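Going by this note's numbering, the first residue of the sequence shown is number 161, and it counts up by one from there.
It is possible that some hints are incorrect.
To be verified - Here are the in silico distance ranges between beta carbons for each label pair:
{"id": "1", "residue 1": "Gly288", "residue 2": "Val207", "range": "16 to 24 Å"}
{"id": "2", "residue 1": "Gly174", "residue 2": "Tyr237", "range": "30 to 38 Å"}
{"id": "3", "residue 1": "Gly173", "residue 2": "Asp214", "range": "41 to 49 Å"}
{"id": "4", "residue 1": "Gly234", "residue 2": "Ile210", "range": "26 to 34 Å"}
{"id": "5", "residue 1": "Ala213", "residue 2": "Pro170", "range": "31 to 39 Å"}
{"id": "6", "residue 1": "Pro240", "residue 2": "Leu285", "range": "16 to 24 Å"}
{"id": "7", "residue 1": "Pro175", "residue 2": "Arg209", "range": "30 to 38 Å"}
{"id": "8", "residue 1": "Leu239", "residue 2": "Gly173", "range": "15 to 23 Å"}
Keep in mind the hints are simulated off the structure, nothing from the lab. All of these numbers come straight from a predicted model, not from anything done at the bench. Note that CB positions come from ideal geometry on N, CA and C, so glycine has one too.
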Amino acid sequence: MTDTVSFEVPSPGGPRTVTVSYERQGAGEPLLLLHGIGHHLQAWDPVSRILAADREVIAVDLPGFGASPGLPEGLEYDLPTVTAVLGGLCEALGVERPHVAGNSLGGLLALELGRRGLARTVTALSPGGFWSPGEWR
């Protein structure tokens, strides 16, 4: 069953309320699952029940995907902001430093959560967002 949670994240114009949809199942160490661009939390359906046999699995609809509304006005959809949103989600759910697995965009976000010390471990499947300086032109 899909649930939603709302919480505040900082922005240049003051705190903004963000709402995120997620599915939570199983028990054990928490595992946050992040889908790729253009997808939704159901991307993890083939494996989420299997993983939930040993872990608390939290599959997330990233902001603007699936059942999660887009970010509110005043929040950029960029790596720092979405990482802060995911940190806020974990805090709102009472989850501290989950294991994180992500695909594509979700893989990039998982790596950033790990870099910021917000993830216990990271598994990134085909992570997006790696460009050389020459490709930025």
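Against the structure, the hints come out as follows:
{"no.": "1", "hint": "Gly288 with Val207: 16 to 24 Å", "verdict": "holds (20 Å)"}
{"no.": "2", "hint": "Gly174 with Tyr237: 30 to 38 Å", "verdict": "violated (18 Å)"}
{"no.": "3", "hint": "Gly173 with Asp214: 41 to 49 Å", "verdict": "holds (42 Å)"}
{"no.": "4", "hint": "Gly234 with Ile210: 26 to 34 Å", "verdict": "violated (40 Å)"}
{"no.": "5", "hint": "Ala213 with Pro170: 31 to 39 Å", "verdict": "holds (37 Å)"}
{"no.": "6", "hint": "Pro240 with Leu285: 16 to 24 Å", "verdict": "holds (22 Å)"}
{"no.": "7", "hint": "Pro175 with Arg209: 30 to 38 Å", "verdict": "holds (36 Å)"}
{"no.": "8", "hint": "Leu239 with Gly173: 15 to 23 Å", "verdict": "holds (19 Å)"}
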